[in-house]
Amino acid sequence: MKYRSAARFVLVGALGTGVQYGIYYLLLTVFQRQWPDVGILTSVAFTVGFVVEMVCNYFLTSYYTFRVKPSLKNIGGFLIGRALNYVIQLLFLHMMIWLHVSEEWAGIVAIMLAGVINYFVLLPFFRAKKTE
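Residue numbering for the sequence shown follows the working numbering, starting at 7 and increasing by one per position.
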(Lines of atoms letter the chains of each structure in order from A and count residues from 1; the text may use other names and numbers.)
(Lines give C-alpha, C1' and ligand atoms only; values in the text may rest on other atoms or scores of the structure.)
Protein backbone atom coordinates (compact mmCIF):
# COMPACT_ATOMS: atom_id res chain seq x y z
CA MET A 1 0.00 0.00 0.00
CA LYS A 2 2.80 2.39 0.95
CA TYR A 3 4.51 2.14 -2.44
CA ARG A 4 1.46 2.27 -4.70
CA SER A 5 1.87 5.97 -5.51
CA ALA A 6 5.51 5.30 -6.40
CA ALA A 7 4.46 2.42 -8.69
CA ARG A 8 1.78 4.58 -10.33
CA PHE A 9 4.34 7.39 -10.65
CA VAL A 10 6.64 5.03 -12.55
CA LEU A 11 3.80 4.00 -14.87
CA VAL A 12 2.75 7.62 -15.54
CA GLY A 13 6.42 8.53 -15.91
CA ALA A 14 6.97 5.79 -18.48
CA LEU A 15 3.98 7.01 -20.49
CA GLY A 16 5.15 10.61 -20.17
CA THR A 17 8.67 9.63 -21.16
CA GLY A 18 7.28 7.95 -24.28
CA VAL A 19 5.27 11.05 -25.21
CA GLN A 20 8.12 13.45 -24.52
CA TYR A 21 10.79 11.37 -26.21
CA GLY A 22 8.54 10.59 -29.19
CA ILE A 23 7.95 14.28 -29.85
CA TYR A 24 11.62 15.11 -29.21
CA TYR A 25 12.83 12.39 -31.58
CA LEU A 26 10.34 13.33 -34.30
CA LEU A 27 11.24 17.03 -34.16
CA LEU A 28 14.95 16.27 -33.85
CA THR A 29 14.75 14.17 -37.02
CA VAL A 30 12.91 16.91 -38.91
CA PHE A 31 15.25 19.63 -37.66
CA GLN A 32 18.39 17.63 -38.50
CA ARG A 33 17.15 17.10 -42.06
CA GLN A 34 16.06 20.70 -42.60
CA TRP A 35 18.73 22.60 -40.64
CA PRO A 36 21.59 20.22 -39.80
CA ASP A 37 23.96 22.94 -38.55
CA VAL A 38 21.59 24.70 -36.14
CA GLY A 39 22.42 23.18 -32.75
CA ILE A 40 19.86 25.19 -30.74
CA LEU A 41 17.08 23.20 -32.41
CA THR A 42 17.96 20.21 -30.20
CA SER A 43 16.86 22.28 -27.20
CA VAL A 44 13.75 23.47 -29.06
CA ALA A 45 12.73 19.89 -29.90
CA PHE A 46 13.35 18.85 -26.29
CA THR A 47 11.33 21.78 -24.94
CA VAL A 48 8.31 21.16 -27.18
CA GLY A 49 8.25 17.51 -26.10
CA PHE A 50 8.57 18.55 -22.47
CA VAL A 51 5.66 21.03 -22.61
CA VAL A 52 3.27 18.56 -24.27
CA GLU A 53 4.26 15.84 -21.79
CA MET A 54 3.89 18.25 -18.86
CA VAL A 55 0.23 19.01 -19.61
CA CYS A 56 -0.60 15.30 -19.96
CA ASN A 57 1.45 14.42 -16.91
CA TYR A 58 -0.27 16.94 -14.63
CA PHE A 59 -3.67 15.37 -15.05
CA LEU A 60 -2.37 11.81 -14.83
CA THR A 61 -0.30 12.70 -11.75
CA SER A 62 -3.31 14.28 -10.05
CA TYR A 63 -6.00 11.76 -10.88
CA TYR A 64 -4.04 8.53 -11.16
CA THR A 65 -0.72 8.74 -9.31
CA PHE A 66 -1.77 10.57 -6.17
CA ARG A 67 -5.57 10.27 -6.59
CA VAL A 68 -6.36 13.89 -5.80
CA LYS A 69 -8.29 16.54 -7.68
CA PRO A 70 -6.34 19.27 -9.45
CA SER A 71 -6.00 22.31 -7.20
CA LEU A 72 -4.07 25.54 -6.96
CA LYS A 73 -1.82 23.93 -4.35
CA ASN A 74 -0.85 20.94 -6.42
CA ILE A 75 -0.64 22.80 -9.74
CA GLY A 76 1.69 25.30 -8.09
CA GLY A 77 3.83 22.52 -6.69
CA PHE A 78 3.64 20.66 -9.97
CA LEU A 79 4.81 23.69 -11.97
CA ILE A 80 7.65 24.36 -9.55
CA GLY A 81 8.66 20.71 -9.67
CA ARG A 82 8.41 20.58 -13.45
CA ALA A 83 10.41 23.80 -13.87
CA LEU A 84 13.15 22.26 -11.75
CA ASN A 85 12.78 19.01 -13.68
CA TYR A 86 13.11 20.85 -17.01
CA VAL A 87 16.35 22.52 -15.93
CA ILE A 88 17.72 19.19 -14.69
CA GLN A 89 16.69 17.43 -17.91
CA LEU A 90 18.26 20.12 -20.06
CA LEU A 91 21.48 19.98 -18.03
CA PHE A 92 21.59 16.18 -18.35
CA LEU A 93 20.82 16.45 -22.09
CA HIS A 94 23.70 18.82 -22.77
CA MET A 95 26.03 16.96 -20.41
CA MET A 96 25.35 13.73 -22.34
CA ILE A 97 25.92 15.51 -25.67
CA TRP A 98 29.13 17.02 -24.27
CA LEU A 99 30.19 13.47 -23.35
CA HIS A 100 29.62 12.52 -27.02
CA VAL A 101 26.44 10.55 -26.43
CA SER A 102 24.27 10.83 -29.55
CA GLU A 103 21.44 13.35 -29.34
CA GLU A 104 18.93 10.54 -29.71
CA TRP A 105 20.26 8.62 -26.68
CA ALA A 106 21.07 11.75 -24.67
CA GLY A 107 17.39 12.72 -24.68
CA ILE A 108 16.14 9.47 -23.18
CA VAL A 109 18.92 9.33 -20.58
CA ALA A 110 18.18 12.91 -19.51
CA ILE A 111 14.46 12.24 -19.16
CA MET A 112 14.98 9.09 -17.11
CA LEU A 113 17.58 10.53 -14.73
CA ALA A 114 15.50 13.63 -14.04
CA GLY A 115 12.34 11.54 -13.55
CA VAL A 116 13.73 9.91 -10.43
CA ILE A 117 14.51 13.31 -8.92
CA ASN A 118 11.08 14.64 -9.94
CA TYR A 119 9.14 12.08 -7.87
CA PHE A 120 10.66 13.32 -4.64
CA VAL A 121 10.17 16.97 -5.58
CA LEU A 122 6.46 16.46 -6.36
CA LEU A 123 5.61 14.14 -3.47
CA PRO A 124 4.96 16.81 -0.81
CA PHE A 125 2.61 18.77 -3.09
CA PHE A 126 0.35 15.83 -3.90
CA ARG A 127 0.15 14.15 -0.52
CA ALA A 128 -3.45 14.02 0.60
CA LYS A 129 -3.95 15.38 4.10
CA LYS A 130 -4.62 12.57 6.54
CA THR A 131 -7.85 12.85 8.44
CA GLU A 132 -7.65 11.93 12.06
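Just so you know, these hints were derived from the structure itself, not from any lab.
There's no promise every hint is true.
Distance windows between CB atoms, simulated [claimed, not checked]:
#1 Q40 <-> K75: 36 to 44 angstroms
#2 K79 <-> I46: 30 to 38 angstroms
#3 Y70 <-> V36: 44 to 52 angstroms
#4 T53 <-> L105: 42 to 50 angstroms
#5 A89 <-> G45: 33 to 41 angstroms
#6 I46 <-> Y69: 32 to 40 angstroms
#7 S77 <-> W104: 34 to 42 angstroms
#8 A12 <-> I46: 32 to 40 angstroms
#9 P76 <-> E110: 27 to 35 angstroms
Cβ atoms here follow ideal geometry from the backbone N, Cα and C, with glycine treated the same way.
Just tell me: holds or violated, for the beta carbon distance of K79 and I46 against 30 to 38 angstroms?
The hinted range 30 to 38 angstroms holds for K79 and I46, with Cβ atoms some 36 angstroms apart.
Take the C-beta atom of I46 and the C-beta atom of Y69, compute their distance, and say whether it sits inside 32 to 40 angstroms.
36 angstroms, holds
Please check whether P76 and E110 have a Cβ separation lying inside 27 to 35 angstroms.
With a Cβ separation near 34 angstroms, P76 and E110 satisfy 27 to 35 angstroms, so the hint holds.
Cβ separation of Y70 and V36, checked against the hinted range 44 to 52 angstroms
Violated, since Y70 and V36 (Cβ atoms, about 32 angstroms apart) do not stay within the stated range.
Range hint 33 to 41 angstroms (beta carbons of A89 and G45) holds or violated
Cβ of A89 to Cβ of G45: about 23 angstroms, so the range 33 to 41 angstroms is violated.
Quick one: are T53 and L105 within 42 to 50 angstroms, going by C-beta?
21 angstroms, violated
Kindly confirm whether 32 to 40 angstroms is satisfied by the beta carbon distance between A12 and I46.
36 angstroms, holds
Holds or violated: 34 to 42 angstroms for the Cβ distance of S77 and W104?
For W104 against S77, whose Cβ atoms are near 40 angstroms apart, the range 34 to 42 angstroms holds.
Is 36 to 44 angstroms a correct range for the gap between the Cβ atoms of Q40 and K75?
43 angstroms, holds
The structure does not agree with the numbered hints 3, 4, 5 stated previously, though it agrees with the rest.
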